[in-house]
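Each protein sequence line maps, in turn, to chains P and Y. If you read the first sequence in my numbering, its first letter stands for residue 53, the second for the next number, and so on. If you read the second sequence in my numbering, its first letter stands for residue 136, the second for the next number, and so on.
No wet-lab data here; the hints were simulated from the structure. Treat the hints loosely; a few may be bogus.
From chain P, some residues computed to sit far from chain Y (all C-beta separations above 12 Å) [to be verified]:
1. Gln61
2. Ala65
3. Glu67
4. Ile71
5. Gly80
6. Lys105
7. Arg110
8. Asn116
9. Gln118
10. Lys157
11. Pro162
Okay, derived cross-link-like pairs now, DSBU-like style, lysine-lysine, Cα gap no bigger than 30 Å in a straight line [claimed, not checked]:
12. Y/Lys192 <-> Y/Lys146
13. Y/Lys206 <-> P/Lys154
14. Y/Lys192 <-> P/Lys120
15. P/Lys157 <-> Y/Lys146
16. P/Lys120 <-> P/Lys106
17. P/Lys154 <-> Y/Lys149
18. Y/Lys192 <-> P/Lys154
19. P/Lys105 <-> P/Lys120
20. P/Lys157 <-> P/Lys105
21. P/Lys154 <-> P/Lys106
22. P/Lys161 <-> P/Lys106
23. P/Lys157 <-> P/Lys120
24. P/Lys107 <-> P/Lys161
25. P/Lys154 <-> P/Lys120
26. P/Lys157 <-> P/Lys107
Yeah, the Cβ is synthetic: ideal placement off N, Cα and C, and Gly gets one too.
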Amino acid sequence: KNEVEQSPQNLTAQEGEFITINCSYSVGISALHWLQQHPGGGIVSLFMLSSGKKKHGRLIATINIQEKHSSLHITASHPRDSAVYICAVRYGGSQGNLIFGKGTKLSVKP
Amino acid sequence: DTGVSQDPRHKITKRGQNVTFRCDPISEHNRLYWYRQTLGQGPEFLTYFQNEAQLEKSRLLSDRFSAERPKGSFSTLEIQRTEQGDSAMYLCASSASGTEVYRYGYTFGSGTRLTVV
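Just need the whole structure built from these sequences, with the hints factored in.
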């Protein structure tokens, strides 16, 4: 069974802290996505990775293909970063769909 | 282009009624996906289209669910004889195909929240 596991499920941080959210998956993938979902439902795509590392502003995403693991880091966290962060993978055998993790609910306190 | 649009944003319906949702993808995207998300869970794949062809369907898509994309542009998702278990957020996403999807990824809509009472 293909699975995407995220940890932690819930995370509370103080403003300014460095945050790490982890994602692991079970079989070979063609791409991994990090997504952000705010209350109200809309999903924003943050990163798409197939190898290495990407950076956008205070967000950094890394992936280790051999270990089947990815991390999302947020530097200098801010209350507006509070959201659910979802990891999703596209498996090599799939034509189109993404398999999602359950998400990590992040709350950043001022 | 204003991104992926979904309509309505919210729908409350009585059990047993039929409902239809609409998704307008990014015009350049030939792939369109439907997902369902229940509270506290990640989205689950329902189906996807490449142009007007429905290429993949999840086992979650029971015979009460039907999706169409008649002209390869907008798509509709219909649920017949709704049940309380259908209450969820229904998300639509679009993407390019082939190597382009690896460059540009997916764009999601804001979702339609369905409540069956």
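*Which numbered hints fail*: Of the numbered hints, 1, 10 and 13 do not hold.
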